[in-house]
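Visitor: Chain residues, written in single-letter form:
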Amino acid sequence: MPSCPWCASRGFETVQSSGLGAVYSFVTVHAAVSAAAAALLPYTVATVQLDDGPRMVGRVEPTGQARIGDRVRPHFVDHPDWTELCFEVVPADGFAGLPA
Amino acid sequence: MSSNRARAAVAGVGYTALSRRSGRSVLSLATEAVGNALADAGLRPGDVDGLASFMVMSDSVPCVAVSSALGMGQLRTVLDLQLGGQAPCHLVWQAAQAVAHGDANVVVVYRALNGRSQQRVGTMHFAGEGGQYRYPIGYDAYLMYVAMWAQRFLYETGQTAEDLGAVAVGQRWYAQRNDRAMRREPLDLDAYSAEPYVVEPFRRSDCTVEIDGACAVVITSLDRARDLPQRPAVVASGCYRAGAHPGLDIGDHLLWEDYTRNYTSWLRDELFARAGVKSGDVDVAEIYDCFTSTVLIGLEGLGLCGRGESGAFFRSGAARIDGRLPTNTNGGLLAEGYLHGMNTVAEAVLQVQGRGGVRQAPRHEVAVVTSGALMDGSAMILTADR
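Going line by line, the protein sequences match chains Z and L.
Using my numbering, the first residue of the first sequence is number 21, and each one after it goes up by one.
Using my numbering, the first residue of the second sequence is number 4, and each one after it goes up by one.
A few of these clues could be false.
[Unchecked claim] So the derived list for chain L, only partly shown, Cβ under 10 Å to chain Z, looks like this:
#1 V81
#2 H128
#3 P139
#4 I140
#5 G141
#6 A153
#7 F156
#8 V201
#9 I324
#10 R327
#11 E368
[Said to hold, decoys possible] One-sided and incomplete, this derived list gives chain L residues near chain Z with beta-carbon spacing under 10 Å:
#12 D143
#13 M147
#14 Q154
#15 E159
#16 W176
#17 Y200
#18 H256
#19 L258
#20 Y262
No lab work stands behind these hints: they were computed from the structure.
The beta-carbon is built from N, C-alpha and C at its ideal position, and this holds for glycine as well.
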């Protein structure tokens, strides 16, 4: 975006986001379009309402776990040339377990 | 009400065969559909002085090509829009305005594409900066975006996947009575529920079928239409609307606030007021249905059903030919095929003209048609000549 969609300002500053948010909606893909995505089937993509304001789309791991309203936190997945921002569902008690 | 001279009507419709592989050029399809529509209206290519069409990522041919191929004379007005299913009602309304203002006497609106055998909109990547956030993560097909809205819509309105299924089942009944329809095998809710998901919550029968083909309609003044072979379908009103923050392309919904309401919610009041009719006056509804959910959102957006009541509307039989409001009487894009809503408009014309055959709605004085699924789109009201 070359300008702010709410005030048309062209001024920008970079802010750090917690990446925490909630699932606004989601889909689970069972038939992929691209070859790269086919390797992931089935996979879930959510529209996440970030606590900091904007919405993002991202894959939610594990597949099929997300429900509307679920709290999610960022989860980075490394690919050969890029890093993907995914999300994972935060259990209701707020404890998501220790990394394996 | 303006004078008849200033009012416009649809005087004819034309189709090509619909198929999975036409084996022909898009220009060939376009000229055949336009020619058929003119013949239906009792007019000739030399009568045409306006053309309008639309294409997605250059999947069709421009108006001047059709004019050239059919040996038309001078074109006095033209519209080639880079839009998808949002366009048909908008273009018919623009054509009607051109006729009403004297900018043209006869305008043909068409859509032509090899949408199955060549460029397929369902899986194409749209140009622009929006795709960089979607395509790398496998969020890369139009049905995924509509499914994303559908999931939220069902959740917020307290409806379920069975309500989507009721749309597919209801429309298939009409498709079985439509020789043009691509999907004519019977469908009940059990068969629907047994289909595997494509993109959850959508199963196969929630999705349109991509096809090759073309469709066209002819618009002229009401006065002139009265002297032509078909009964005029009066263009009573039309509206285009893009809600605020419609995104960077037709698949970019990240700035759209509410996935449970599309453009129909925002154009409804203007559409009905301009035509001088109320939602309760509508006899036939042809609601854009690239996917089942857009029928439910459209019916609720137009106020033809209450919030959260559109699924029950289908399940109760209200959308059937003997119901309160026959809806998507050609089987819709779901079953007739994906001509991006040009065929949705043509079906509304046939219904208003009383040419629906075995699927003719018993009352057909007022029809509402919509074009488009998500952030932007258009709609139109057609009436009998009264």
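Visitor: Which numbered hints does this structure break?
Guide: 1, 9, 10, 11, 16
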